[in-house]
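Assemble the whole structure, with the sequences as input and the hints as a guide.
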Amino acid sequence: MTWEELVAANPEVIRRTLPLVPWRIELLWRLDLPVRRVAVRELEWLFDLPLWQRDGVRFQVSPRQVRTNPERFPDHYRRVMESDLEYPIHLVEHNGRLVVLDGFHRLLKASVLGLAEIDAMVLSQADLRSVCADGR
-7 MTWEELVAAN
3 PEVIRRTLPL
13 VPWRIELLWR
23 LDLPVRRVAV
33 RELEWLFDLP
43 LWQRDGVRFQ
53 VSPRQVRTNP
63 ERFPDHYRRV
73 MESDLEYPIH
83 LVEHNGRLVV
93 LDGFHRLLKA
103 SVLGLAEIDA
113 MVLSQADLRS
123 VCADGR
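One point on numbering: in my numbering, the residue at position 77 of the sequence shown is 69, and numbering is uninterrupted.
Be aware that one or more of the hints could be misleading.
Claimed, not checked - If you anchor each label on the Cβ, the simulated ranges turn out as follows:
no.	residue 1	residue 2	range
1	PRO3	ASP24	29 to 35 Å
2	TRP37	ASP111	15 to 21 Å
3	GLY88	LEU23	18 to 24 Å
4	ALA125	ASP24	34 to 40 Å
5	LEU19	GLU63	22 to 28 Å
No lab work stands behind these hints: they were computed from the structure. Every residue, glycine too, gets a C-beta built ideally from N, C-alpha and C.
Following this line, the structure appears as C-alpha coordinates:
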(Lines of atoms letter the chains of each structure in order from A and count residues from 1; the text may use other names and numbers.)
(Lines give C-alpha, C1' and ligand atoms only; values in the text may rest on other atoms or scores of the structure.)
Protein backbone atom coordinates (compact mmCIF):
# COMPACT_ATOMS: atom_id res chain seq x y z
CA MET A 1 0.00 0.00 0.00
CA THR A 2 1.40 3.39 -0.96
CA TRP A 3 1.39 6.34 1.41
CA GLU A 4 -1.36 7.99 -0.63
CA GLU A 5 -3.50 4.83 -0.48
CA LEU A 6 -3.00 4.60 3.28
CA VAL A 7 -4.06 8.22 3.76
CA ALA A 8 -7.12 7.67 1.56
CA ALA A 9 -8.05 4.59 3.62
CA ASN A 10 -8.02 6.58 6.87
CA PRO A 11 -11.47 7.35 8.25
CA GLU A 12 -12.42 11.01 8.06
CA VAL A 13 -12.13 11.39 11.84
CA ILE A 14 -8.47 10.39 11.70
CA ARG A 15 -7.77 12.63 8.70
CA ARG A 16 -9.25 15.56 10.66
CA THR A 17 -7.41 14.75 13.87
CA LEU A 18 -3.88 13.56 13.14
CA PRO A 19 -1.17 15.06 10.94
CA LEU A 20 -1.08 12.71 7.97
CA VAL A 21 2.50 13.20 6.90
CA PRO A 22 4.90 10.34 6.09
CA TRP A 23 7.03 10.46 9.23
CA ARG A 24 9.53 7.68 9.84
CA ILE A 25 9.62 5.93 13.18
CA GLU A 26 13.38 5.42 13.18
CA LEU A 27 13.94 9.16 12.69
CA LEU A 28 11.38 9.96 15.37
CA TRP A 29 13.13 7.71 17.89
CA ARG A 30 16.47 9.41 17.16
CA LEU A 31 15.22 12.85 18.17
CA ASP A 32 16.88 14.19 21.29
CA LEU A 33 14.16 16.43 22.68
CA PRO A 34 13.43 17.38 26.27
CA VAL A 35 11.03 15.07 28.05
CA ARG A 36 8.15 16.67 29.91
CA ARG A 37 5.23 15.36 31.91
CA VAL A 38 1.86 15.60 30.18
CA ALA A 39 -1.51 14.96 31.78
CA VAL A 40 -2.94 11.66 30.54
CA ARG A 41 -6.42 13.16 30.81
CA GLU A 42 -5.45 15.86 28.29
CA LEU A 43 -4.95 13.17 25.65
CA GLU A 44 -7.72 10.70 26.46
CA TRP A 45 -10.03 12.23 23.83
CA LEU A 46 -7.80 10.48 21.27
CA PHE A 47 -8.93 7.09 22.60
CA ASP A 48 -12.07 7.33 20.46
CA LEU A 49 -10.13 7.16 17.18
CA PRO A 50 -10.34 3.83 15.32
CA LEU A 51 -6.57 3.45 15.15
CA TRP A 52 -6.02 -0.29 15.26
CA GLN A 53 -6.83 -3.19 13.00
CA ARG A 54 -9.02 -6.20 13.59
CA ASP A 55 -8.91 -9.39 11.56
CA GLY A 56 -6.42 -7.76 9.19
CA VAL A 57 -8.67 -4.78 8.45
CA ARG A 58 -7.24 -1.39 9.39
CA PHE A 59 -9.04 1.31 11.40
CA GLN A 60 -11.50 -0.98 13.17
CA VAL A 61 -10.69 -0.69 16.88
CA SER A 62 -10.30 2.32 19.14
CA PRO A 63 -8.16 2.37 22.29
CA ARG A 64 -11.32 3.10 24.29
CA GLN A 65 -12.91 -0.12 22.99
CA VAL A 66 -9.84 -2.06 24.11
CA ARG A 67 -9.92 -0.45 27.53
CA THR A 68 -13.66 -1.00 27.97
CA ASN A 69 -13.67 -4.58 26.73
CA PRO A 70 -10.15 -6.10 26.96
CA GLU A 71 -11.39 -9.68 26.68
CA ARG A 72 -12.87 -8.85 23.26
CA PHE A 73 -9.51 -7.50 22.05
CA PRO A 74 -6.92 -9.67 23.83
CA ASP A 75 -4.10 -9.05 21.35
CA HIS A 76 -4.44 -5.29 21.56
CA TYR A 77 -4.80 -5.38 25.35
CA ARG A 78 -1.69 -7.54 25.65
CA ARG A 79 0.28 -5.05 23.52
CA VAL A 80 -0.98 -2.21 25.70
CA MET A 81 -0.04 -3.88 28.96
CA GLU A 82 3.35 -5.03 27.63
CA SER A 83 4.25 -1.55 26.38
CA ASP A 84 7.17 0.09 28.18
CA LEU A 85 6.43 3.35 29.97
CA GLU A 86 10.17 4.00 30.32
CA TYR A 87 10.02 5.39 26.79
CA PRO A 88 8.29 8.75 26.31
CA ILE A 89 5.43 9.12 23.89
CA HIS A 90 5.80 11.55 20.98
CA LEU A 91 3.34 14.41 20.58
CA VAL A 92 2.90 17.28 18.17
CA GLU A 93 0.46 20.16 18.07
CA HIS A 94 -2.08 19.77 15.28
CA ASN A 95 -5.12 21.97 14.77
CA GLY A 96 -4.52 23.63 18.12
CA ARG A 97 -4.30 20.43 20.21
CA LEU A 98 -1.58 18.01 21.20
CA VAL A 99 -1.92 14.68 19.41
CA VAL A 100 0.05 11.45 19.59
CA LEU A 101 2.43 10.51 16.80
CA ASP A 102 3.89 7.48 18.54
CA GLY A 103 2.83 5.94 21.82
CA PHE A 104 -0.88 5.16 21.80
CA HIS A 105 -0.30 1.80 23.51
CA ARG A 106 1.80 3.46 26.23
CA LEU A 107 -0.74 6.23 26.68
CA LEU A 108 -3.55 3.72 27.08
CA LYS A 109 -1.47 1.70 29.56
CA ALA A 110 -0.89 4.84 31.64
CA SER A 111 -4.63 5.47 31.61
CA VAL A 112 -5.48 1.86 32.55
CA LEU A 113 -2.98 2.05 35.43
CA GLY A 114 -4.56 5.28 36.64
CA LEU A 115 -1.44 7.39 36.12
CA ALA A 116 -2.06 11.12 36.09
CA GLU A 117 0.90 11.96 33.84
CA ILE A 118 3.10 10.38 31.21
CA ASP A 119 6.54 11.29 29.88
CA ALA A 120 6.39 12.89 26.45
CA MET A 121 8.54 14.56 23.86
CA VAL A 122 6.67 17.36 22.13
CA LEU A 123 7.79 17.97 18.57
CA SER A 124 7.74 21.37 16.91
CA GLN A 125 6.56 21.59 13.31
CA ALA A 126 10.24 21.77 12.28
CA ASP A 127 10.93 18.58 14.26
CA LEU A 128 8.02 16.90 12.50
CA ARG A 129 9.35 17.93 9.08
CA SER A 130 12.77 16.57 10.06
CA VAL A 131 11.36 13.06 10.62
CA CYS A 132 9.35 12.97 7.40
CA ALA A 133 10.52 10.73 4.61
CA ASP A 134 10.20 13.57 2.12
CA GLY A 135 10.83 16.57 4.41
CA ARG A 136 7.20 17.81 4.14
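A quick look at each hint next to the structure:
| no. | hint | verdict |
| --- | --- | --- |
| 1 | PRO3 x ASP24: 29 to 35 Å | holds, 34 Å |
| 2 | TRP37 x ASP111: 15 to 21 Å | holds, 20 Å |
| 3 | GLY88 x LEU23: 18 to 24 Å | holds, 22 Å |
| 4 | ALA125 x ASP24: 34 to 40 Å | violated, 20 Å |
| 5 | LEU19 x GLU63: 22 to 28 Å | violated, 37 Å |
Of the numbered hints listed earlier, those contradicted by the structure are 4, 5.
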